[in-house]
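Participant: Note that the protein sequences, when read in sequence, are chains A and B. Under this note's numbering, the first residue of the first sequence is numbered 1, with each subsequent residue one higher. Under this note's numbering, the first residue of the second sequence is numbered 240, with each subsequent residue one higher.
Don't take every hint at face value.
Calculated pairs, DSSO-like style, for lysine-lysine (alpha carbon to alpha carbon, straight line, at most 30 Å) [to be verified]:
no., chain 1, residue 1, chain 2, residue 2
1, B, Lys606, A, Lys18
2, A, Lys18, B, Lys431
3, B, Lys488, A, Lys65
Footprint (simulated), chain A over chain B, 3 or more residues, beta carbon under 8 Å [what the hints assert, rightly or not]:
no., region
4, 383-394
5, 634-646
Derived by calculation from the structure, the hints in this document are not laboratory data. Built from N, CA and C at the ideal position, the CB exists for glycine as well.
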Amino acid sequence: MANLANHTLSAYDVDLNKLTTALSDLGSLVEAMVTDAVRAMRTRDAELARSVVHRDLAANRLQAKIDDDAMRILALRNPMATDLRRTVGAIRVATDLERIGDLAEGIAKRSLGLSDPYARELVGGVVRMGRAVKAQLAKALDAFLREDPRAALQAWMGDGEIDTLYNSILRELLTHMMADPARINACTALLFAAKNLERIGDHASNICEHIYFTSTGAQLIEDPTVRELRARQPDAASL
Amino acid sequence: MNPPTAKISATQPGIEIRNDARNLDLAEPVAAPQMRGSELIVVSLFAGMALLALMVLSRVPVLLGLGVIAAYLAAVLTYARMAISRREASGGGALPLNGLSGAKFTATLSDNLPQAVVVLDSKGRVLHANPLAQNLIEIDRIGRPFGVYLRDPEISDRLAEALAGYTPEPLMVHREVPTESYISCLFSAATKIEDGSGRVIVLVVLNDVTELVLGGQRRADFLANASHELKTPIASMLGYIETLRGHAKDDPEAQARFLGIMAGQAERMQRLISDLLSLRRIEQSEHIAPTETADLDLSVRAAIESVAPLADRRGVKLKYKRKKRSIVPGHQDETIQLCLNLIENATKLSPEGATVRITLSHFDEWKPSVPFADGYLPESAPTRTINPPSTVPLPLYTITISDEGPGFSAAHLPRVGERFYRVAGDLSSKEKGTGLGLAIVKHIARRHRAGLMVRSAPGDGTEFCIIYRAREVDDARGVPIEGLGTDTGKSPDKLF
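Isolated chain B, as found in the complex:
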């Protein structure tokens, strides 16, 4: 695990590694004394033979030569024995970690494992969970039954089996909240704690296997989606190619027109593929919340910059009201894409001379009035929550995007954000949409654990509201406080 330490202990006899429990270097020091003893003897024998050869070559008297060699060997052997006994005295040849109490050692060990581990007592209560496990299944208190954090009809049976001293079969738990994920659970057979109390513990090793399980399914979906959606433009292109080869062979005017249409179709296919690919990329990482930070103001401005040429062409005004400091936990590029897709959609749906209004606001905590606080539509407009916003009392940022487009009726609301769903008669088919833009928005928001709401009034327009949970900001310095929400700084001494 820690190569530098291993090297040192092999070259320097008797080096102290006892207090360095964090190196967890168990195998090396146990084997070291024997290794060093035999190695020394072999090396000194070779050295002795070399010395003998030298003496023979330089014709030193035989008796004197033998005497020198015997003295040399005796010195080497004494030194080797001393080295071995010194190590045995210091480490006793046992684990070099016996200076630590069992509980503390276990806690330190499990906290540093690159694997989610939970320790349960004989009643199935959580005694300890390392930070990875705390994050994976959101353990916020110790002492509660394991079933509180992970639910599966089989868990009780597996635990009973483990407590009876057997090693149960691994168990795969399917979770739907906060996002769909699969977690594999390995239970160890119950082990006695060596403190004479006779208490037992069960170790549970957790693994996030979502990628493995859903990967295949998503690949199949991707192929099905891609082939289904590419069928139409390809068929249409083939039709034009046919015509260009036949009737339009000698008609340069028709040729120019058909090539234009074909270029349009090819562009559509290109957009479709790039949308499908980004959707797939986001879906893949959806169950892992982003750990970096993103600036919402920056994202909105970047998105507006990209949409500006389109808005100019269509005679649509983009108005942005903003909040300067807007750092949230998030992925900057994905946040830009989220804003871009929504603003682009709004622009495409707006008639000439209309205005798309984008507002970035800050709220101290969640209230029912937060969504669409900056909206322009009447309160009575039917609303749908695509992703539920977080209602924990933490500061929030909202981005509201309002257009003055045709809007749509409440019947379409439940299906907004569905892949390839287009409201019949909307402008997106005329305006080069792929039907994936909102699906991408939905998945990005879900990955960021951000709320996403939509409301629409036919004739008045459509509004989207994204509700981001803000990272708490240290006002004095204006920098985000790291590690908010994950309390990993607990002491392992209180264990058992």
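Chain A on its own, in the form it takes in the complex:
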């Protein structure tokens, strides 16, 4: 274990650490919101769904606080190089996390109206996708907090998996809707949840890109690995 390089100003270091801690708090909050929103959908637990909706307020507040703190660092400390990127990265990641909170809230709200008996048998795909998205988000946050660009790159490449899952759910639900119009109500709600999950995955990818930039100063899509990947699979450009 290496000692952390100390800044000349120790108060400044404390500020940056406070920012990291706040991001960890916000990250874990929206992670739990995503998990609970999907669980509420599966178990049709209205209480849990309402608590997710309620927690979105806390997420918004935390994001505002991170914004304020980051602004203060920018204004008072005039950070340079890595510190500047860290501070700006914090603002961006907080925005993405706040959006993820909104999307989880959307899923929770949708599950409140989902009293359809069909939903129970069709929810499996969404639950599976929820698990994958949650893992993706956890990986992105781990990489961000540990400032590990390799881990970020690895998590970023996992997004294709979620897209595949989304497409397979889409096909499955369409088949059900065509087979039995009575299921359209349940299927639409699930489709909405799947779409939100897919966008949560996109925000997780954004977070990965921010980390990559924060710790290397270069853009992730210009990483030689990504270039090679794209050269090999042109259709992966939509990753």
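Position chain B against the provided structure of chain A, taking the given hints into account.
Facilitator: Below, chain B alone, put in the same frame as chain A:
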């Protein structure tokens, strides 16, 4: 903690244990002086009484006898007092560890605790983590906030509570990466460091409780899976038994045929149960990465040997291109099972006269071209990553298994590896599959932190690629270097 030391200090007065901080033998030496003093007095009183009895029996003059006893008692008491004062002079009756500085002692103590411990400062930054904690939550640097390593909405509140001087309720943190696990966190109330600086620390004790939490859930899953999957073969056997008792009572030809079918069903149930049991065993240990080493070449060869009779029967050729030295961190038996399941699957899916190609290769580090570098399918074949490979720049081994079977369409890809999922119309139902083989492969790969990828082109075949992170090998001696990836050799002197 260390019985031999305790024994020595009880029998030999004034023995030096001060410098032996590693024994952490705190209770024994503190109590020892009083214990020894009173014990000596009791023992010598008994000895004196025995002496008196002896003298009375042997009729020694009374005055002389009393004189001898008084002298004896005086000698014993003086000796006991000397022993006590000597110990007090050497240890002062206080902790025998006062020769150590507080920080170093704490670090040594925590490093040897059989429990993951993290020390935080008043800002919630990690000051110290013992090796167990470093491994459990992958702490790679000190000085960062604790929230970097363990995320939970409650952690900040618990820490604030601890810093305010309260002992917070234990907290259970659910993690999904790298595998699903549950970690319980116990925060101590903030304690002042006794160096006059007034700084405070908070101790966090971490416990991996995954087994406790997931155990019950997995038992329930296991029962549900087992009963669901056993229902069909049992129903079919009951049907045949009915027929054997009724219509086919006097038809030896039908009897022989039905008994054959029943034997087949019973065998299927047996396979199913053994697959379910091994799946459960692997799942149980999934959150603990293997610490031993496995030889991939050996595993592939063992798997090929077991599949060879089946391949002969089906007229399928098994071709193996290999790399001689292929030591990876892993469990040998599980690695064999992983290869066996994949090669067996490929063999079952291959038409007669087809070839199953198995290739073991080595790469210096991860690149997007590593997966399926030895594949035979066109690049355009839809690919799925079941377990993501590790992309850290370390040497890798890949095992690629290609068959020339019917393949399957991209629609099935996302569900490959799911329990009991069978691609409709595939041969596995004809060829005695349980639907668990790939699930077992997936869980073994996950436990080994190995990547697992699949791609398939309908009509051309299916390919699996396993990407193992190689342990770095010392080329001069060809032996694996121990302890790669876990840096535990840090000095505790730099603490605080």
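Participant: So if I understand the rule, the pair passes when the alpha-carbon distance is 30 Å or less; does lysine 488(B) with lysine 65(A) pass?
Facilitator: Roughly 82 Å between the alpha carbons, so the hint for lysine 488(B) and lysine 65(A) is violated.
Participant: Sort out whether lysine 18(A) lies within 30 Å of lysine 606(B), counting only the CA atoms.
Facilitator: Between lysine 606(B) and lysine 18(A) the Cα gap is close to 36 Å, so the pair fails against 30 Å, i.e. violated.
Participant: When I compare C-beta atoms, does the region 634-646 of chain B have three or more residues closer than 8 Å to chain A?
Facilitator: violated (count 0)
Participant: Would you say the region 383-394 of chain B counts as covered by chain A, given the rule of at least 3 residues with C-beta under 8 Å?
Facilitator: The restraint on the region 383-394 of chain B holds, since 9 of its residues have a Cβ under 8 Å from chain A and three suffice.
Participant: Is the Cα-Cα distance between lysine 18(A) and lysine 431(B) 30 Å or less?
Facilitator: holds, 22 Å
Checked against the numbered hints above, the structure breaks hints 1, 3, 5 and satisfies the rest.
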